[in-house]
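As they're listed, the protein sequences go chains D and Y.
Residue 263 in the numbering used here sits at position 263 of the first sequence, with consecutive numbering throughout.
Residue 537 in the numbering used here sits at position 220 of the second sequence, with consecutive numbering throughout.
These aren't lab readings, by the way, just hints derived from the structure by calculation.
Values in this document were obtained by computation on a predicted structure and should not be read as measured data.
Cβ coordinates follow ideal geometry from the N, Cα and C atoms, glycine included.
Hints should not be assumed to be uniformly reliable.
Claimed, not checked - If you anchor each label on the Cβ, the simulated ranges turn out as follows:
1) D/31 to Y/417: 19 to 25 Å
2) Y/342 to D/24: 52 to 58 Å
3) D/90 to Y/555: 56 to 62 Å
4) Y/505 to D/129: 52 to 58 Å
5) D/245 to Y/417: 25 to 31 Å
6) D/143 to Y/417: 24 to 30 Å
7) Y/472 to D/139: 25 to 31 Å
8) Y/579 to D/129: 49 to 55 Å
9) Y/451 to D/151: 37 to 43 Å
10) Y/505 to D/207: 42 to 48 Å
What the hints assert, rightly or not - Stretch by stretch, here's where chain Y covers chain D in the computed footprint (C-beta under 8 Å, at least three residues):
11) 84-97
12) 119-125
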Amino acid sequence: MTTTKLRHQDLPTTQDTTVLAELVGASKQYGQGAATVRAVCGLDLQVRSGELLAILGPNGAGKSTAIGMLTGLTTPSSGMARLFGRDPRDLRARRRLGAMLQASGVPDTLRVRELLAGFRAYYPDPLPIAQVISAAGLEGLEDRMFGELSGGQQRRVLFGITLAGDPDLLMFDEPTTGLDAESRRGLWTTLRELARSGRGVVLTTHYLEEADALADRIVVIDRGVAIAEGTPAEIKARVPGRRVRAQTTVSVTEADRWPGVTRASREGPWLDLLVVSAEPALRALLHLDPRAADVTVTEPSLEEAFLTLTSDMEAAS
Amino acid sequence: MTTRTATPTTTSEAAPRVSQRRIYVTEARHEFLKLIRIPIFAVSTIALPVMFYLLFGVAFGGSEGGGVGATTYMLATYGTFGVIGAALFGFGVSVAVERGQGWMRLKRVSPMPPQAYFVGKVAMSTTVSALIIGLLFVLGASVGAVRLPATEWMSLGLVLLLGALPFSAMGLAFGYLVGPNSAPAMLNLIYLPMAFASGLWIPIHQLPTFVQGIAPALPPYHFAQLALSTIGAAESGSWALHVVVLLAFTAFFLAVAAWGFRRDEGRTYG
Chain D
1 MTTTKLRHQD LPTTQDTTVL AELVGASKQY GQGAATVRAV CGLDLQVRSG
51 ELLAILGPNG AGKSTAIGML TGLTTPSSGM ARLFGRDPRD LRARRRLGAM
101 LQASGVPDTL RVRELLAGFR AYYPDPLPIA QVISAAGLEG LEDRMFGELS
151 GGQQRRVLFG ITLAGDPDLL MFDEPTTGLD AESRRGLWTT LRELARSGRG
201 VVLTTHYLEE ADALADRIVV IDRGVAIAEG TPAEIKARVP GRRVRAQTTV
251 SVTEADRWPG VTRASREGPW LDLLVVSAEP ALRALLHLDP RAADVTVTEP
301 SLEEAFLTLT SDMEAAS
Chain Y
318 MTTRTATPTT TSEAAPRVSQ RRIYVTEARH EFLKLIRIPI FAVSTIALPV
368 MFYLLFGVAF GGSEGGGVGA TTYMLATYGT FGVIGAALFG FGVSVAVERG
418 QGWMRLKRVS PMPPQAYFVG KVAMSTTVSA LIIGLLFVLG ASVGAVRLPA
468 TEWMSLGLVL LLGALPFSAM GLAFGYLVGP NSAPAMLNLI YLPMAFASGL
518 WIPIHQLPTF VQGIAPALPP YHFAQLALST IGAAESGSWA LHVVVLLAFT
568 AFFLAVAAWG FRRDEGRTYG
């Protein structure tokens with residue numbers, strides 16, 4: 001997938017940025033009474049032109065609901081969602097939006113060319129169909145039915161549909177879930193190019209690595225609440241990068257004093273540390289207890305990393 | 318770096334406009350292609366009524382029905398049967414499946430005018446109905462030796478086409494109430510007995526008395542009587558009554574469909 005041909009003249013290429021979409025104190029709850037599920041709670045979010053924004057959070061954090069409210073699929077229970085300064089359900093706003101959702105069961109019996117033509121018809125100034133096909137890497141598949149395509153090819157069709165209207169803002173809900181490493185890197189390149197062309201790009205992900213590699217700005221959400229926002233460097237500084245485990249006699253109180261330790265705990269003979277980086281903690285550990293055994297350094301799961309962010313917030317409030 | 322909020326641009330600017338005609342034509346065409354390429358749909362909705370007409374009307378016929386020949390009488394009743402099938406399955410199964418798959422969500426985030434989805438489906442089921450009616454008429458006039466004045470051919474065809482409306486609404490309501498996997502089976506469970514009891518397969522006056530008693534409660538009975546009245550073979554009851562009953566069914570099923578449509582909104586977690 002390449003988008004080198006996707007130049008965008010409509011948007012300013014100067015330093016100033018435009019807010020393309022925003023959520024203002026948006027909340028969404030499903031169900032009533034005791035069965036109420038609060039998917040998103042008081043979320044503030046701004047998407048700007050020329051910027052790649054990653055909404056990062058574990059499964060069930062409310063990422064898809066946030067995308068749903070920004071695209072007008074879901075109406076906020078309270079608060080406000082705006083798309084190009086309008087209600088997101090306004091067709092005039094949606095004509096400037098391209099969205100790739102999770103699980104978009106496209107009919108198996110339509111051909112690729114028909115699908116793209118169908119969506120192009122909705123937009124006033126769509127990309128030429130040949131350009132959509134080359135940008136989404138669909139050459140040679142134009143006359144195949146959607147049901148005959150492989151999973152990866154189907155994803156590319158959905159990507160083509162997203163680009164078809166030449167939108168100013170693109171939203172991708174977990175675009176790389178289930179992709180192999182090579183396709184994922186290909187998509188990363190494409191997303192970066194789209195943002196560089198002056199468009200706004202939003203993606204949701206539960207990989208910190210992905211948000212870090214792509215985003216200009218990351219909003220971390222957990223249980224429907226934004227718990228951190230900043231550049232990848234700022235977020236990474238607050239999230240433990242490594243998990244260190246060792247059989248040692250060093251106490252939790254001692255370990256808590258070491259630099260970069262965000263959480264220390266003990267299970268039997270095991271000392272368990274979440275740290276910003278492994279080396280200072282390892283040096284301190286081996287200095288205090290040269291007989292520490294079974295030392296392992298792993299990458300903490302996003303859930304563990306978020307747990308420390310959430311408890312930071314609770315401690316601060 | 319300055320930040321400003323996107324202001325709505327007025328539509329009066331010289332920017333190219335969306336062609337509404339192109340949207341609706343494409344939508345209708347794709348809706349038709351999408352279903353007609355599914356063999357089970359094409360077979361069950363088009364081949365079934367045609368085959369039934371040939372078996373029960375032409376091969377089996379001979380007896381009189383309501384004062385007209387069997388092949389003529391059954392042209393109206395199997396036409397009714399075919400149109401109901403196209404409307405119920407064209408709407409019901411496709412809406413149920415598309416809801417389940419999220420195709421509707423993808424359409425809803427696009428700038429598709431919401432009514433285009435339904436207009437496309439109406440156009441599709443009308444086209445399928447016209448195909449069925451056309452096939453039956455050709456078979457009736459040839460192998461069935463049906464002879465009717467031109468005005469009766471036309472009024473029968475028109476009533477059959479318009480009769481799709483209440484059943485499209487019924488299909489739509491089912492599409493919103495029933496899950497994607499159970500939709501075809503559920504619809505058949507309703508469609509086939511209802512067709513039988515309304516006298517679409519065997520003329521109503523040949524059915525057991527108790528079935529004749531419940532038939533007026535079923536919408537296909539009224540549709541069939543309207544179709545039969547165009548060729549002067551209707552049972553009793555004025556055509557105005559049949560029209561009122563069918564319109565009431567349409568309103569009821571549209572209300573159910575609208576409720577289902579709203580219930581569906583924003584059914585996502587995560």
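Now for the hints, and whether the structure bears them out:
1. D/31 to Y/417: 19 to 25 Å: The hint (19 to 25 Å, Cβ to Cβ) holds, given that residue 31 of chain D and residue 417 of chain Y are roughly 20 Å apart.
2. Y/342 to D/24: 52 to 58 Å: At 40 Å between Cβs, range violated.
3. D/90 to Y/555: 56 to 62 Å: violated (48 Å)
4. Y/505 to D/129: 52 to 58 Å: violated (40 Å)
5. D/245 to Y/417: 25 to 31 Å: violated (44 Å)
6. D/143 to Y/417: 24 to 30 Å: Holds, since residue 143 of chain D and residue 417 of chain Y (Cβ atoms, about 27 Å apart) stay within the stated range.
7. Y/472 to D/139: 25 to 31 Å: violated (53 Å)
8. Y/579 to D/129: 49 to 55 Å: Roughly 35 Å apart at Cβ, these two residues miss the hinted range, so it is violated.
9. Y/451 to D/151: 37 to 43 Å: holds (41 Å)
10. Y/505 to D/207: 42 to 48 Å: Distance hint for residue 505 of chain Y, residue 207 of chain D holds at roughly 46 Å.
11. 84-97: Held - the region 84-97 of chain D has 9 residues with a Cβ nearer than 8 Å to chain Y, which meets the minimum of three.
12. 119-125: As far as the region 119-125 of chain D goes, the hint holds, because 6 residues have Cβ atoms under 8 Å from chain Y.
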